[in-house]
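What follows is the residue order along each chain.
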Amino acid sequence: MTWVLVAVLAVPAVGAVFRSRAVAAGAAAIAFLLSVALATGRSDGGLTGPIRPWHQLDVSWVPGLNLRFHLGVDGISYPLVVLTTLLTLLCCVYLLWTDGDGTLAALLLVIEVGIVGVFLALDLVLFFVFFEIVLLPMYAVIAGWGGAGRRPAARKFVLYTLFGSVLLLVGVFVVVSRAGTADLVVLSAQHMLPADTQLAAFILLSIAFAVKSPLWPLHTWLPDAHTEAPTVGSVILAGVLLKMGTYGLLRVAVGVLPDGARRVAPVLGVLAVTAILVGGLVCLAQTELKRLIAYSSVGHMGFVLLGIATLTATGFEAALIGNVAHGIITGLLFFLAGAIKDRTHTGDLSELGGLRETAPYLSGILGYAAIASLGLPGLAGFWGEAFAVIAALRRGGPLWTVLAVLAALGGALAAAYFLRLLYRVTHGAARPAVVGIGEPVPGELVAWAPLVVLALAVGLVPALVLGVAQTAVQVMAP
Amino acid sequence: MILTQEALKLPQINYVALSPMLILFGAATVGVLVEAFAGRGRRYPVQLGLSLVSLVAALVMVVRVAHTRELTAGGAVAVDGPALFLEGTLAVLGIVALLLVAERSLEPGGPFVAVAAVTAGTEADRVQAQRRDAGTEVYPLLLFALGGMMLFVSANDLLTMFVALEVFSLPLYLMCGLARRRRLLSQEAALKYFLLGAFASAFFLFGIAMIYGYAGQINFAAIHEAIQSSTNDRILLYLGLALLAIGLLFKAAAVPFHVWTPDVYQGAPTPVTAFMAACTKVAAFGALLRVIYVAFERTAWDLRLVIGGIAVLTMVVGSVLAVTQTDIKRLLAYSSIANAGYLLVGVLAVGGNGNHDGLASSMFYLVAYGFSVVAAFGVVTLVRDADGEATHLSRWAGLGRRSPLYAGLFTFLLLAFAGIPLTSGFTSKFAVFGAALASGQAWLVVLGAITSVILAFPYLRVVVLVWLSEPGENTPTVSIPGALTSAALAIGALATLLLGIAPQPLLDLSSRAAEFVR
Amino acid sequence: MSLALWVPIVGLFTLALLFALFSVTAARFTGPHRYNRAKLDAYECGIEPTPQPIGGGRFPVKFYLTAMLFIVFDIEIIFLYPWAVSFNALGLFGFVEMLLFIGTVFVAYAYVWRRGGLDWD
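Chains as they are written, first to last, in my numbering: chain A, 24 to 501; chain B, 377 to 894; chain C, -12 to 108.
The set of hints was computed from the structure by calculation and includes no laboratory data.
Treat the hints loosely; a few may be bogus.
Said to hold, decoys possible - Here are the simulated EDC-like cross-link-like pairs (lysine to aspartate or glutamate), alpha carbons at most 20 Å apart as the crow flies:
#: 1; chain 1: A; residue 1: K364; chain 2: A; residue 2: E374
#: 2; chain 1: B; residue 1: K568; chain 2: B; residue 2: D703
#: 3; chain 1: A; residue 1: K364; chain 2: A; residue 2: E311
#: 4; chain 1: C; residue 1: K49; chain 2: C; residue 2: E84
#: 5; chain 1: B; residue 1: K385; chain 2: C; residue 2: E84
#: 6; chain 1: A; residue 1: K364; chain 2: A; residue 2: D122
#: 7; chain 1: A; residue 1: K364; chain 2: A; residue 2: E380
#: 8; chain 1: C; residue 1: K49; chain 2: B; residue 2: D703
#: 9; chain 1: C; residue 1: K49; chain 2: B; residue 2: D501
Could you build the full structure based on these sequences and the hints that come with them?
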């Protein structure tokens, strides 16, 4: 099965060369099937460490730089890999029904290579390499196909991300040069770094990942980038790009530097809860559709980070399912927001009133996605938030109890702002902007349907995600 | 006083080991004769062939003597790993630069005139700028410069080093003044480079005198001994070392000895700029490494702070000023200054308890940077309008629409400069910073990483300009390059890619070579 | 090193200085003073002085070129002296090296000659 690991990366990379939308969709479809197939024949291969990849490929690449081409997939990375390939496929399919040449689709495939590579990499340097690959194509997507203020937004995105990359690079340097190896499997199994080094490296790495996730107060690039990015850009950005941050935090920062993590965890927890509350409060005051969804992402990612910060198996499970659920639901939300903005040419909530009158199906799906996002039990968004709160409660102690209570309050805020959103957008008399707009076209339905189904499926059967991840999470929790 | 008439002890000279530079000096001398006696029409093919053959021959000889590790010519020249590695680097980069120099399809008669010193704007200057069959002086000059550089990186005493410095500097001054277009700018560049270069040489020479005063010797090994045993005042040593360093850091374009770089890079004919950016850097850093770690290793600890400070200054000033540039050649000049800073980080990583990663990674960096920068300036030669090269950044807007291939190539090279993974820029920076961290220079690495982010911005700006702006009325065309430029671009880009994807062979080679003889 | 070795040299220099001062001063007081235009002009090897352009002007670069060529060949001669003095000691090696040296300078000479560096106009 090791060839599949390479193929999942190679197929989109080759597909990108053709710069054609049809080829891109085909490549994305093959990559999706291949990534699903990664789950077959899984075994822990008799490994005993915290990372037990089902399949792995380990080839020496540049020994002089401690760089090995070491790929592997396990229960933690698998759901994210499939999520990435799925969302890319949906974006490419969506693009088939739009105008324009294949460059945008090709860039999406390049981004896919980078993100999937990040999830598959089991070598720290390789991880960094893939982490960097994502930056430029994403920049180009925002700066090239975005809205009116795309240049400043793209620049802000790059500024923040490069800042994060520098810290990541220095952190990687510190870990690799002190430990003498960059192999994540080895690094996670034997914590050979002294406590102080761990602390320093963990701070570096966690700031780097916090920029990407994004964790309050490093989140300010996100609303701008989302507001200006084209629909597919927003979907990929929210759906999977942010997950590189949380995944990196879990796999690299916490996995390799548990001592550092233990010492910093309370700070992370406080910041995460702050993000939940700030995100919720800002959302209540938002008047722009995409900005609102973007800020809701800040809140949702706060739950994910809170889960990780508890450093417990429950918390990790919460983070994982929260990641996946957020990817599915926010992906869907951005598709919908894009569809609405394409039709009405405005994102202003006050001008979108009465959507239900003119486009009942569209507003119905929007309502479904919003309810899923606010964490209604039975839909995907519920599990991540509930588990994160439970994990924080179980951690015990006054700090974590307070954090859990505040996080739960923040969850309630999500209900408030999403209901406000629905009230403003779907109800009331039809405003001029929404008069005469069309219902979803086939291309959109094809792109949305899998997300709608998955939001329900993961909500009803969380074991879809947790089942594959259970062992990996159990062995990982320190 | 009676002159002794018994036979002097003549130095042993290993001619084979010295053959790379001997070949180049010989070919350059023949080139001068060709200039004197061959007919005008025949000079270009003869000079080009001669230069190419001699450079290839020099490269072959480098490979053949690759395992030599000895001092020769009475201890004046060291033929050791770093010397041979850098000689080979110089030969290869010299060949690539020569291809750019020899391109004649972009401009009738090539980008050079014959005489640098004719007053700009006069009738005589107009006449020579219109000649189609002149301007072949640049080939022997190039060979002399390369030969001098090879001697510079292998010189094992201060006087030989000084002679080599002059041998490669003088042709460079001249070559800067040979541009066919924008004569005045070119002459200004040449004069500026010459005057400041002469100052730097004087400092260097003065430094030699000081060191001689301290050690009583100019040979590196003897200086190394003297630093331990000499009872002379150490002030002489430090003063001499500082003056010596000024001379070397000037050539390396380190801040605060960098002021010439943007003007000279901008004014010089672009192929010459490419040559300087790649080869002068190799020569300057090769010599710097040798001086510091063969002669002055025992003062390395004192040096560390000073050179560390210069490295920081160089990285910060280079990258920050690059952000404000509006001319592509000046932008690349400032980026070259910043890269000198990264190389200085590598220089500082050398030494101490047998850690040769710093030396190996610095040499790797020189190769990687050399290939990328030659190719980048190669692309600059292609973007032209009626007045020659269009180097102002605003003129590059929308170039991606006009010529996706070359815009793509340039983008790739800029990404390499920015240190994006899968390019040689990433591997080389990674190697240098890794070595620096391993030798405890954490603060330099942090600053290096931060400045490389700053430096990424001007590159990104160019990329955005090229791809995302609409081509305007006055967006210049991209000329179709002749076979020579195409070859140079292909070699440069391919090396940038290969050293990004599979750098291990060269890393191995450089780490095998990373041992000075003393 | 004893300073005594330098006494004759210092003496010689003093003598020369005194002589020069004496000659110039004595001529001023003893000689006839009949000036003409040629005597008042700048001394240029007895050649009619070139008229200077207004405002000081520039010398043609040719003068410098000639001066530089002179220095190159002058240095060559200077380099030949020590070799000639220790010719026996240096033997065949020195002879070949010197031939190479002269040869290289000759190449430069040939270049200057063929490319018109020796023509005044």
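Now the hints, each set against the structure:
1. K364/A with E374/A: holds, 11 Å
2. K568/B with D703/B: holds, 19 Å
3. K364/A with E311/A: Distance of about 10 Å is within 20 Å: holds.
4. K49/C with E84/C: Roughly 32 Å between the alpha carbons, so the hint for K49/C and E84/C is violated.
5. K385/B with E84/C: Within the cut-off at roughly 15 Å; holds.
6. K364/A with D122/A: holds, 16 Å
7. K364/A with E380/A: holds, 17 Å
8. K49/C with D703/B: Given pair K49/C, D703/B is violated - Cα atoms ~37 Å apart, limit 20 Å.
9. K49/C with D501/B: It holds: about 16 Å lies between the C-alpha atoms, which stays within 20 Å.
The structure does not agree with the numbered hints 4, 8 stated previously, though it agrees with the rest.
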